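**Student:** Chain by chain, the residues run as shown.
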Amino acid sequence: DTAVSQTPKYLVTQMGNDKSIKCEQNLGHDTMYWYKQDSKKFLKIMFSYNNKELIINETVPNRFSPKSPDKAHLNLHINSLELGDSAVYFCASSQGPAGSYGYTFGSGTRLTVV
Amino acid sequence: AQSVAQPEDQVNVAEGNPLTVKCTYSVSGNPYLFWYVQYPNRGLQFLLKYITGDNLVKGSYGFEAEFNKSQTSFHLKKPSALVSDSALYFCAVRDKAAGNKLTFGGGTRVLVKP
Chain A
3 DTAVSQTPKY LVTQMGNDKS IKCEQNLGHD TMYWYKQDSK KFLKIMFSYN NKELIINETV
63 PNRFSPKSPD KAHLNLHINS LELGDSAVYF CASSQGPAGS YGYTFGSGTR LTVV
Chain B
113 AQSVAQPEDQ VNVAEGNPLT VKCTYSVSGN PYLFWYVQYP NRGLQFLLKY ITGDNLVKGS
173 YGFEAEFNKS QTSFHLKKPS ALVSDSALYF CAVRDKAAGN KLTFGGGTRV LVKP
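These protein sequence lines map, in sequence, to chains A and B. In this note's numbering, each number is its position in the first sequence, counted from 1, plus 2. In this note's numbering, each number is its position in the second sequence, counted from 1, plus 112.
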């Protein structure tokens, strides 16, 4: 019973393709996040949703679009993939936007654009 | 904006010796500070947090961290390191003014040698 699960774990695709990464949490948390970890291991937030409402939208290209059909799911769709999109993408969740109890992270999706 | 800095890219320590991973923060108001650990090809795992109260915070796997307001530091410590502690460690701060997102430091790789 994985708390935050992401699929797929690995994704290799060609430039210009469109792809989606799915995330689901079974913790009953209200808030979900997408983070990008680059090749230097630097972590940067991309988006955050609280009860299906977008609350954080960092400066990311418009090609990235999050979708939250319900508070247990937060998917990430990427259009027209570029080489620079290659990274590990982490989904996370927390109880409430305050995140006072910390985040629970998924195991990541390693995206490789060739 | 809130930020944290981890001045060391890597820390090497012999097994059984004390381990310290440094973190300094820059926040306005009272800080919410966190430590996470990332093992290879895994997501981040929550170690401990400081919100208020005692300056010495105890967390998972025998780790603790000391909050020092005058030095704006939140160093992670373990009295006796294990080889299995070898991993990537991230300090993070909650940015209340920016949707309560967690902003991470650049990470410190810990290598514990037998």
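Don't take every hint at face value.
Claimed, not checked - So these bits of chain A aren't anywhere near chain B, every CB distance computed over 10 Å:
id	residue
1	D20
2	S50
3	T61
4	P63
5	S82
What the hints assert, rightly or not - Here are the computed distance ranges between Cβ atoms for each label pair:
id	chain 1	residue 1	chain 2	residue 2	range
6	B	V195	A	R112	37 to 45 Å
7	B	V195	A	H79	36 to 44 Å
8	A	P10	B	A210	38 to 46 Å
9	B	P226	A	R65	44 to 52 Å
10	B	G218	A	E84	41 to 49 Å
11	A	S82	B	K225	40 to 48 Å
12	B	V195	A	E84	33 to 41 Å
To be clear, the hints were calculated from the coordinates, so they are not data collected in a lab. Keep in mind the model is a prediction, meaning the values are calculated, not measured. Every residue, glycine too, gets a C-beta built ideally from N, C-alpha and C.
**Student:** Against which earlier hints does the structure fall short, listed by number upward?
**Tutor:** 2, 6, 8, 10
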